[in-house]
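I would like the entire structure built from these sequences, with the hints used as guidance.
Single-letter residue listing:
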Amino acid sequence: MTLIPQLIKDEDFRKFREFFYRKTGILFEDSKRYFVDKRLIERIEATGSEGFRDYFTMLRFQVSGTELQMLVNAMTVNETYFFREEYQFECLVNSILEEIIAHRRDKAAPIRIWSVPSSSGEEPYGIAIYLLEHWPRISELDVEIISSDIDTDILTQARRGHYSTRAIQHLPAPLLKKYFRRRGEFYQIEDSLRDVVEFTRANVTDPADMRLHRHFDVIFCRNLLIYFDDLSRKQTAESFYDALNPGGFICLGHSESMSRISALFRVRKFPETIVYQKPWEAR
Amino acid sequence: MGLRKQSPKSSASEDERRLPRDLPGLITALSAADPMTRRWAARDLAARPESCPALIARIAVETETSVIEVILTSLTLIGDNTAVAGLIDCLRSENPMLRNAAIEAMKQLPDEVAPWMGQLLEDPDPDIRIFAVDVLESLRHPQVEDWLIGVIAQDDHVNVCATAVDLLGEVGSERAAPALQALKARFAEEPYIQFAADLALKRISAN
Numbered sequence: 072m073t074l075i076p077q078l079i080k081d082e083d084f085r086k087f088r089e090f091f092y093r094k095t096g097i098l099f100e101d102s103k104r105y106f107v108d109k110r111l112i113e114r115i116e117a118t119g120s121e122g123f124r125d126y127f128t129m130l131r132f133q134v135s136g137t138e139l140q141m142l143v144n145a146m147t148v149n150e151t152y153f154f155r156e157e158y159q160f161e162c163l164v165n166s167i168l169e170e171i172i173a174h175r176r177d178k179a180a181p182i183r184i185w186s187v188p189s190s191s192g193e194e195p196y197g198i199a200i201y202l203l204e205h206w207p208r209i210s211e212l213d214v215e216i217i218s219s220d221i222d223t224d225i226l227t228q229a230r231r232g233h234y235s236t237r238a239i240q241h242l243p244a245p246l247l248k249k250y251f252r253r254r255g256e257f258y259q260i261e262d263s264l265r266d267v268v269e270f271t272r273a274n275v276t277d278p279a280d281m282r283l284h285r286h287f288d289v290i291f292c293r294n295l296l297i298y299f300d301d302l303s304r305k306q307t308a309e310s311f312y313d314a315l316n317p318g319g320f321i322c323l324g325h326s327e328s329m330s331r332i333s334a335l336f337r338v339r340k341f342p343e344t345i346v347y348q349k350p351w352e353a354r
Numbered sequence: 010m011g012l013r014k015q016s017p018k019s020s021a022s023e024d025e026r027r028l029p030r031d032l033p034g035l036i037t038a039l040s041a042a043d044p045m046t047r048r049w050a051a052r053d054l055a056a057r058p059e060s061c062p063a064l065i066a067r068i069a070v071e072t073e074t075s076v077i078e079v080i081l082t083s084l085t086l087i088g089d090n091t092a093v094a095g096l097i098d099c100l101r102s103e104n105p106m107l108r109n110a111a112i113e114a115m116k117q118l119p120d121e122v123a124p125w126m127g128q129l130l131e132d133p134d135p136d137i138r139i140f141a142v143d144v145l146e147s148l149r150h151p152q153v154e155d156w157l158i159g160v161i162a163q164d165d166h167v168n169v170c171a172t173a174v175d176l177l178g179e180v181g182s183e184r185a186a187p188a189l190q191a192l193k194a195r196f197a198e199e200p201y202i203q204f205a206a207d208l209a210l211k212r213i214s215a216n
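Chains V and H supply the protein sequences, listed in that same order.
Residues in the first sequence are numbered from 72 upward in steps of one, following the numbering used here.
Residues in the second sequence are numbered from 10 upward in steps of one, following the numbering used here.
By construction, these hints were calculated from the structure, which means they are not laboratory data.
Do not take every clue at face value.
As the list claims (entries may be wrong) - Distance windows between CB atoms, simulated:
no.	chain 1	residue 1	chain 2	residue 2	range
1	H	90	V	149	36 to 44 angstroms
2	H	103	V	131	40 to 48 angstroms
3	H	31	V	257	28 to 36 angstroms
4	V	261	H	59	48 to 56 angstroms
5	V	244	H	41	53 to 61 angstroms
6	V	86	H	59	53 to 61 angstroms
7	V	243	H	90	53 to 61 angstroms
8	V	331	H	123	22 to 30 angstroms
9	H	41	V	272	24 to 32 angstroms
10	H	175	V	106	35 to 43 angstroms
11	H	133	V	324	30 to 38 angstroms
12	H	41	V	328	48 to 56 angstroms
13	H	198	V	317	50 to 58 angstroms
Stated by the list, open to error - What the simulated footprint calls covered on chain H by chain V, stretch by stretch (three residues with Cβ under 8 angstroms from a Cβ of chain V suffice, anywhere in the stretch; the number is not a length):
no.	stretch
14	77 to 87
15	177 to 185
Note that beta-carbon positions come from the ideal geometry of N, C-alpha and C, so glycine has one too.
Written as structure tokens, this is what we have:
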């Protein structure tokens, strides 16, 4: 283990934690102290700051917000793989989409799916592959997949679409062959998929960002809310409510429950999984 | 047909809102006919602490649950003295959803709610005192045990004391034992108090 010089005092950690929480909704518990200190010190050194106070002043008052974005990129965890929690994709094609098509008011509108956080793109590209392979009605309807993340570095990576063997380990071999090309140690996703998935930057706790992400029929938000405190979770759930069309669905991670966050959504039990729905009659 | 890139028409990249987003515009939007417009106004007003009186006034007449939820979240995010006073007003509402949501909101504001707690626990209305104890249930504040001990030592309403005793069984320490014994003597004819106080004493001694 590398020893970290004691540059971040307890009081500085608390001050930083409060600031970062206000900006991102992400709350670091005391148990994350080593993780946070390590990354803070890296950014202090990378920016040539003299110490925490110098760095923190720059972070707070920098007009461009560039350093805050760099720090967000350093502090966020991006760990996922293709077809993670695949049963939710089954639910999407077997139940959710059929219900949306049957009840939606604007029959000509595209079906819009939002995957947030995008991480390096495994989830939105995975949804695209799953729809193409398992949902025959894809040929009859327009579907838009938008995917967002707070971390701009990871968005660049997602748009590039390079994956390690670990990321693709759960993909059946025929799909790997069909949608990827081997590039040395990496797998490159097909351009036809890169061209149809749109990546955007979004902080789900920032109303200004959320205002730009609306009219969705399905939101995949898996394993993000576990990093938030109760208030940020509630704030995010309420923003999702307005990001969804009436009757729209939210799919959370298997350890997450909307019922503990907000009463605005209906719990829907499908054979594959439990998801949450904005009521059709909602305004 | 099939997968396609987000079209400019379906993208919400343009701001769809029609009312001005300055303070007067947002406050006006709080009364708009469309609940979504009201929710967006309430959400944006979280960044404007001076809007607290308008948010609190809206809660009193708002009928749409989704809008009430957003207003309460905004008041919690603002979290100043005026916002807390507004949340406390909600405890007196006849709407149980609003009361419960306000209790949940107050739990998020331990430091801001603390200065009000003494007053709440002495409110003439026993229901308000019970709600105050409900707030203490998960208020992360070092004084929680002291407040609860104060309630069981002084409150003369059996239901208020019963609520406090239940909670003391979870969060209390040996310090609460004398007050629990005194409570048993004070409500010697109340079987539930006897049972709950004994249970609390048992749990405390096991810790």
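Results for each hint:
no., hint, in the structure
1, 90(H) with 149(V): 36 to 44 angstroms, "holds (40 angstroms)"
2, 103(H) with 131(V): 40 to 48 angstroms, "holds (44 angstroms)"
3, 31(H) with 257(V): 28 to 36 angstroms, "violated (50 angstroms)"
4, 261(V) with 59(H): 48 to 56 angstroms, "holds (53 angstroms)"
5, 244(V) with 41(H): 53 to 61 angstroms, "holds (55 angstroms)"
6, 86(V) with 59(H): 53 to 61 angstroms, "violated (26 angstroms)"
7, 243(V) with 90(H): 53 to 61 angstroms, "holds (60 angstroms)"
8, 331(V) with 123(H): 22 to 30 angstroms, "holds (25 angstroms)"
9, 41(H) with 272(V): 24 to 32 angstroms, "holds (29 angstroms)"
10, 175(H) with 106(V): 35 to 43 angstroms, "holds (38 angstroms)"
11, 133(H) with 324(V): 30 to 38 angstroms, "violated (47 angstroms)"
12, 41(H) with 328(V): 48 to 56 angstroms, "violated (32 angstroms)"
13, 198(H) with 317(V): 50 to 58 angstroms, "holds (56 angstroms)"
14, 77 to 87, "holds (count 5)"
15, 177 to 185, "violated (count 0)"
Consistency with the previously given hints fails for numbers 3, 6, 11, 12 and 15, ordered from lowest to highest.
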